[in-house]
Amino acid sequence: MDATTLLLLGQDSLISGAIYALLAVTMVMVFSVTRVLFIPQGEFVTYGALTLAALEAGRVPGTAWLLLGVGAVAAVLAMTRARQTLTFLKAIRILIIDVGLPALLLLIVHWAAPLKLGLVPEMLLTLALVVPLGPLVYRIAFQPLAEASILVLLIVAVGVHMGMTGLGLVFFGPEGYQTSAFSDAVFELGFMNISAQSIWVVTTTAALLLGLYLFFEKTVSGKMLRAAAISRRGARLVGISTDRTGYLAFTLTALIGAVSGLMIGSLTTIYYDSGFIIGLKGFVAAILGGLHSYPLAAAAALLVGTVESFSSYSASAFKEVIVFTIIIPVLLWRSIFRPPVEHLE
Amino acid sequence: MKPAHAAIALVIAILAIPLAPISDYWIVLLDNIGLYSLVAMGLVLLTGVGGMTSFGQAAFVGFGAYTTAVLSATYGISPWLTLPLALALTGLAALAIGSVTVRLSGHYLPLGTMAWGLAFFYLFGNLEFLGAHDGINGIPPLRIGTHDLFDGRSFFSVVWLVVLAASVLTTNLLDTRVGRAIRALRAGTIANEAFGIDTARVKLIVFVYAALLAGLSGWLYAHFQRSINPTAFGLNIGIEYLLMAVVGGAGHVFGALLGAGIVTILKDQLQDILPRLIGAQGNYETIVFGFMLVVILQSARNGLWPFILNALPPRPAKPLVPADASLPQRPKPSGPAILDVRGINKHFGGLVAVNDVSFTVGAKEIVGLIGPNGAGKSTIFNLVTGLLRVTGGEVYFQGNRIDAMEARGIAALGIARTFQHVELAPDMSVLENAAIGAHIRGSAGLLSGMLRLDRAEEKRLLGEAARQLERVGLGAYMHRPAGSLALGQLRILEIARALALDPALLLLDEPAAGLRHLEKRALAELLHKLREEGMSVLLVEHDVEFVMGLTDHLVVLDFGKMIAKGVPAEIRKNPVVLEAYLGGVV
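Residue numbers (the numbering used here), protein chains in the order written: chain A, 1 to 345; chain B, 346 to 931.
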């Protein structure tokens, strides 16, 4: 392996590592706030990338219809769950928020899509279509089970993954798409080429991670999430609604998943089911980081990216085998050094 | 109808169905249901009964299928000869994977199964000798005599006879000594370890058993399809197997058959209907399956089998004669210090929970351990019974040093205990919970239980459990689920379970909490009687009157330190004790 290859692989590791870091960090956050091991995180990546691809092609993305459908389901469920206390006004409010807004978005997209407004407006539109799916998914699938065991929530998450992948197939079709890059420029640095796209990915990731850090440290909402992560009951006792922290966590997850999708969409071809494996690699990193530490999860994500890049060079057929096997030694390490008793005192 | 008659009727039905005028379509569907039922049945045992959720069972199906495919298609070995090899390889793989997996706690376990489930899928798809992504074709069919089982109709009886045998063996297994240990896993490992059960080993047994059922299904699948490729053994299929177990009812053997039936028929129908509805080809059924999984967990956590069970007439519990002391009993110890605690310490990080405590319990003695909350009483119990390790000091029991021993080894020496926070399996009957105590007094293993060779020992173990329940006054509740008892009764049940171990030393952690006056009196009488029979008792209790009237000696703790020791009358007047309890105001 010569220096050029090494640098190339290093650059590759950094890009995929950055994406996995975003996913890993949000998985740690969602898990600590809601106790959901959110397996379908990668689906938001797919939805983001494929929505942008459709808009770029001047088509109305399937997500616009999907959002309306999911909103309608959420509205029906919200009204049935609150049927004891449901007033006319409340029902109208639910309908406006869950069905009215998605319908409005659908109209806007119908008008805007054929105009091909350019990358930035299309990205914003993509986020407007994908991000609301986060809290809606939380309301439909997880909120009624908020107090269930981690195990039950995990199986529900797997159910959501199945549903979202299947819906992805319905709304995006089986073809793969690649979006255009933020920028096609390539810089020469010594004897290696650095694409502007990779700089974009790394800086966006760094900005998002910094943003998350500031959000958790400086804002009331961020502090609410941290409180709920430390103790759900404690948070409720001081007046924090764990429903709200749940929505918030899932909104952030969808946002960061979709942004990752926007970034990754130009680097590789994305199919309706590509997100699962991407998300699981983020998960591997989150687990390597012990599912509680953000910096460890991010560092582990870089490791996953590195392992992936280098194994795709030297043992490409076994790339996935290697990536998914690296958590086994970590799990083994946990097995050996696990305290002898689980829940004693 | 006796079980044996039912089995014969089922065998006849299984042999007759292929001859009946049922369309090939349904026969093949039933064949598939049978194949999936085997995997789902293993998952029921693993997930619903044993509490270990696995998404990776499809990989074990792959082990079975690939082993026989390579051996029979590539090397031309007879399928019947590859069966033991396929099972052996699956079992070995499960042993290796399981020894890592079952040690994972909580949600790390299912995540681990996902990781190796995916890894094996990619491995199958990239190994040249397994045909990589194309898989292996030209696998020979099963052959009985000179008859090749080419079609679904001739295959039917083989599959369903295997399913029947697996159902019988699995149902048997759950109703044995090992089966109780498996069923108690879900309630946690602490109590099981304290009663001499090697929980890691029991988990591994279940894991391998479930994998063997999956491998068996894979072996059948390979010779039924006669060509295999990795897609049948991927994570998505692993998830589908779990869906079957959840839909049917993860806690019931027959839930596996129900779940496999529902999911398989539904998948078949949806694969027909949905593409026509949507106007394109694709695996759209995952949408329905995803919703199904979410809805079942939201509204019928135990699956659909319990609904069927409730519609059936309840089966009367088998009448049970409390046995005399027909199990061999250990000789009662003698001596002034059968338990000898010498200067033990326990640190949790910077916190000193137990600080240089020494005391003894003599034969036929009741010793009370008292002190305010947080004094370290329960910690001492956990140190003596091996659930926690001492930081310093020594503990001897009948001359054996036990402070470095595992909990289950200490239990085998004859120390039984109850827990401050009740550690029982709520789904199991009162009798079965008590029988956990007698676990180490039996020896029947997995196979003898599955083949019903353990009945004499089972009768003795359950008889002993029943005898102890009668003795503590819970005889009338024997066949109820433990979860239906009141808290005070649960504490008494814990005592019965401890007695079923035939202990030389009984450790009771707040046995009188939650008891009414008369119940307390009955408990005191029972403890007196046990002492007369030669048992020693160490108890933690807050009810001072109860302790004073019952104990021979008291050890008083405060903030982890021993502040007094002596007969109750002395302790009552000890100024240091009074200050610790009342803050020195008197």
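Possibly wrong hints are sitting among the right ones.
What the hints assert, rightly or not - Just a sample of chain A residues kept apart from chain B, beta carbon distances all over 12 Å, derived:
hint	residue
1	Leu119
2	Gln143
3	Thr165
4	Leu209
5	Thr219
6	Glu320
Said to hold, decoys possible - Label pairs and their computed distance ranges (CB to CB):
hint	chain 1	residue 1	chain 2	residue 2	range
7	B	Leu798	A	Gln84	34 to 42 Å
8	B	Ala349	A	Arg81	44 to 52 Å
9	A	Gly100	B	Ser450	41 to 49 Å
10	B	Leu355	A	Gly234	50 to 58 Å
11	A	Leu104	B	Gln614	48 to 56 Å
To be verified - Only some residues are given here: those of chain A computed to face chain B with a beta carbon under 8 Å:
hint	residue
12	Ile92
13	Ile94
14	Ile97
15	Val99
16	Gly100
17	Gly159
18	Phe171
19	Pro174
20	Phe324
21	Ile327
22	Leu331
Keep in mind the hints are simulated off the structure, nothing from the lab.
These numbers were taken from a predicted model, which means no experiment stands behind them.
A virtual CB, placed ideally from N, CA and C, is assigned to each residue, including glycine.
Outcome of the hint check:
1. Leu119: 29 Å, holds
2. Gln143: 10 Å, violated
3. Thr165: Its Cβ does come within 12 Å of chain B, the nearest being 6 Å, so this is violated.
4. Leu209: 24 Å, holds
5. Thr219: Threonine 219/A is indeed farther than 12 Å from all Cβ atoms of chain B, at 29 Å.
6. Glu320: Glutamate 320/A not clear of chain B: closest Cβ-Cβ about 4 Å, inside 12 Å.
7. Leu798/B to Gln84/A: 34 to 42 Å: With a Cβ separation near 58 Å, leucine 798/B and glutamine 84/A fall outside 34 to 42 Å, so the hint is violated.
8. Ala349/B to Arg81/A: 44 to 52 Å: At roughly 50 Å between Cβ atoms, arginine 81/A and alanine 349/B fall inside 44 to 52 Å, so the hint holds.
9. Gly100/A to Ser450/B: 41 to 49 Å: Since the Cβ atoms of glycine 100/A and serine 450/B sit about 46 Å apart, the hinted range of 41 to 49 Å holds.
10. Leu355/B to Gly234/A: 50 to 58 Å: Taking Cβ atoms as reference, leucine 355/B and glycine 234/A lie about 55 Å apart, which means the hint holds.
11. Leu104/A to Gln614/B: 48 to 56 Å: 37 Å, violated
12. Ile92: 26 Å, violated
13. Ile94: The hint is violated - isoleucine 94/A has no Cβ within 8 Å of chain B, the shortest such distance being about 19 Å.
14. Ile97: 22 Å, violated
15. Val99: 19 Å, violated
16. Gly100: It is violated, given that the least Cβ distance between glycine 100/A and chain B is near 24 Å, above 8 Å.
17. Gly159: 3 Å, holds
18. Phe171: Because about 10 Å separates phenylalanine 171/A from the closest Cβ in chain B, which is outside the 8 Å limit, the hint is violated.
19. Pro174: 6 Å, holds
20. Phe324: The hint holds - phenylalanine 324/A has a Cβ within 8 Å of chain B, the shortest such distance being about 4 Å.
21. Ile327: With a closest approach of 5 Å, the isoleucine 327/A hint holds.
22. Leu331: Status holds, d = 5 Å.
The structure fails to meet hints 2, 3, 6, 7, 11, 12, 13, 14, 15, 16, 18 from the earlier list, while all remaining hints are met.
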